[in-house]
Amino acid sequence: MIASQSAIALEQVSVRLGGRLIWGAASASISAGEFVVVLGPNGAGKSTLLRLLLGLVKPATGRVMVFGEAAPRGNSAIGYIPQRRNIESGAAVRGRDLVALGLDGHRWGVALPGKRSQQAHAQVDDIIDAVGASAYADRPLGQLSGGERQRLLLAQALVSQPRLLLLDEPLASLDMRSQLTTTQVIGSLARARGITTLLVAHDVNPLLGELDRVLYIARGGVAIGTPDEIITTQRLSTLYDAPVEVIRDARGRIFVVSMDGAPARP
Amino acid sequence: METQVSWNPLANAQALLQYAFMRHAFAAGTIVAVIAGVVGYFVVLRSLSFAGHALAHIGFAGATAAVVIGWNPIAGLLAFTIGSGLGMGALGKRIYGRDVIIGIVLAWTLGLGVLFLSLYTGYATEAYALLFGEILGISQQDVVITLIVGLATLLALLALYRPLLFASLDEEVAEARGVPTRWLAIAFMALLALAVAEATQVVGVLLIFALLITPAAIAERLTARPTYAIIISVALALVFTWSGLIAAFYLPYPVSFFITTFAFAAYLCVRLAAAWKDRVARPSAEGDHTRLKA
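So the sequences go chain by chain: A and B.
By my numbering, the letter at position 55 of the first sequence is numbered 989, and the numbering carries on one by one without gaps.
By my numbering, the letter at position 54 of the second sequence is numbered 55, and the numbering carries on one by one without gaps.
Check the hints yourself; a few may be wrong.
Below 20 Å or equal to it, Euclidean Cα-Cα: the simulated SDA-like pairs (lysine to any residue) are [said to hold, decoys possible]:
#1 B:Lys278 with A:His1136
#2 B:Lys278 with A:Ser948
#3 A:Lys992 with B:Lys278
#4 A:Lys992 with B:Glu173
#5 A:Lys1049 with A:Asp1059
#6 A:Lys992 with B:Arg183
#7 A:Lys992 with A:Ala959
#8 B:Lys278 with A:Pro1074
#9 B:Lys278 with A:Gly1076
#10 B:Lys278 with A:Asp1175
Hints in this document: simulated from the structure, not taken from any laboratory.
Using the sequences and the accompanying hints, generate a full structural model.
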């Protein structure tokens, strides 16, 4: 019964990719409106979690429920920002056009002028305004900074008015300042609109002010809770099955250090 | 040809169009320019330049094979380009070493083309027409085939427009929104194959880029709006084709030479203009850079 009230429910989920077991019987539940940061080492299956929720990967066993339904493909209730390595092909196109595709890019044919097109136009304008990207939405994406581009991609993800937002490393390759402003924009929009948010990150520190809980993925296991519950020496040592130490500095920032010398960021 | 340029454009047009071969050339050239302009925009977006080039060469083998067995070369061209286009689409966009596979197949099919040419006795003019285009030799029947294929390609592109644009710009998000990206990739390769087969008649296998890539590449530099870029791309392809035909009518040099030269000149102008604008707009580019770093 608990599962039907939550936005996302993973029930005993196992995933195999290319014959390798990524996850084994992982369970977790996320309530509607929660802001959850997904952490874990490279290759632990953070992006796989998002692809499971998008219906692009099917679990080998168990159930993945999104708003009480087995995760379907092409779910319009989900806004998604994938991990970007490059946007070469979109570099010569206006940010506004990319945002508009988030609204009607899955529809066949061309957009015909009319009431629907005017409505779409207004919706695109509104969301670009809401993320604070109006000043540069008409410039080609290739001319924008990483932070500006990320805001427009956020607008694209939000323009279809999703109930769930999935963000795969949106802070990667942003400078410190853009990391903070991007986090604030995401956090305030998600809260104002009651959108459940899963954000995959390498470093939890810029997100500490916005998040409700963290979901830690390591070695096929999943742990979810507040940072104080999860990011502890004991919990992470169990998850990694190796000795790690968690250090908190005077300002509350968290650092995870592997005991065999190599630093590991949460 | 006994022709003189007059100061009266209407008289010039009359002089040009009094010949059936010129009317056919203008008709086929116009259809091909429209298709190449639209398809070319997506070729540039999807970084398929090499695939387009390869399709043309593979089509060459198909056309020569058709000639050997006494068929219309366009039929052979279409069969080979569509077949290999579907094959390339099935390879997928992200497959490592895809260009290497295409290159290997391309070399082999060109070898086949040479074999078929040697089997056909009257090969010289036929090969020349295929390699460099022979738009002045287009028959009325060819114009009709070109029109039908062109209309079909254009209608398909209209139907696929939004998902194709979405998948070309942002494949992962498109896939997540339920756009069948893999299927679209294959469908687009088939459409590209049709466009290549059509454009081969005008500029030939070797000069295909002049119509398929250059107009779209220029358009992409002039506007950041996809719809405007497609319109500009089509307009440029039309201008290059028409002016090429007109120039070749009055001057004793091949049409393909004029089309490719006009296309190249336009590209050069746009690049130079952009470079000049950049220098005027940002005289202290270095200062900006250091400020960003700090």
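To see whether the hints hold, each was checked on the structure:
1. Note on lysine 278 (chain B) and histidine 1136 (chain A): the hinted pairing is violated, with a Cα-Cα distance of about 41 Å set against a maximum of 20 Å.
2. Simply put, lysine 278 (chain B) and serine 948 (chain A) have alpha-carbon atoms about 57 Å apart, too far for the 20 Å limit, and the pair is violated.
3. With a C-alpha separation of about 52 Å, the suggested pair lysine 992 (chain A) and lysine 278 (chain B) falls outside the 20 Å cut-off, and the hint is violated.
4. For the given pair, lysine 992 (chain A) sits about 17 Å from glutamate 173 (chain B) by alpha-carbon distance, which is consistent with the 20 Å threshold.
5. Between lysine 1049 (chain A) and aspartate 1059 (chain A) the alpha-carbon distance is near 15 Å, which keeps this suggested pair within the 20 Å criterion.
6. In summary, the hint linking lysine 992 (chain A) to arginine 183 (chain B) is supported, as the alpha carbons are separated by about 18 Å, within the 20 Å threshold.
7. Proposed proximity of lysine 992 (chain A) and alanine 959 (chain A) is supported: the alpha carbons are some 14 Å apart, at most 20 Å.
8. Restraint check for lysine 278 (chain B) and proline 1074 (chain A): the C-alpha separation of about 16 Å stays at or below 20 Å, so the hint holds.
9. A C-alpha spacing of about 17 Å is found between lysine 278 (chain B) and glycine 1076 (chain A), which places the hinted pair at or below 20 Å, so the restraint holds.
10. In summary, the hint linking lysine 278 (chain B) to aspartate 1175 (chain A) is not supported, as the alpha carbons are separated by about 59 Å, beyond the 20 Å threshold.
The structure does not agree with the numbered hints 1, 2, 3 and 10 stated previously, though it agrees with the rest.
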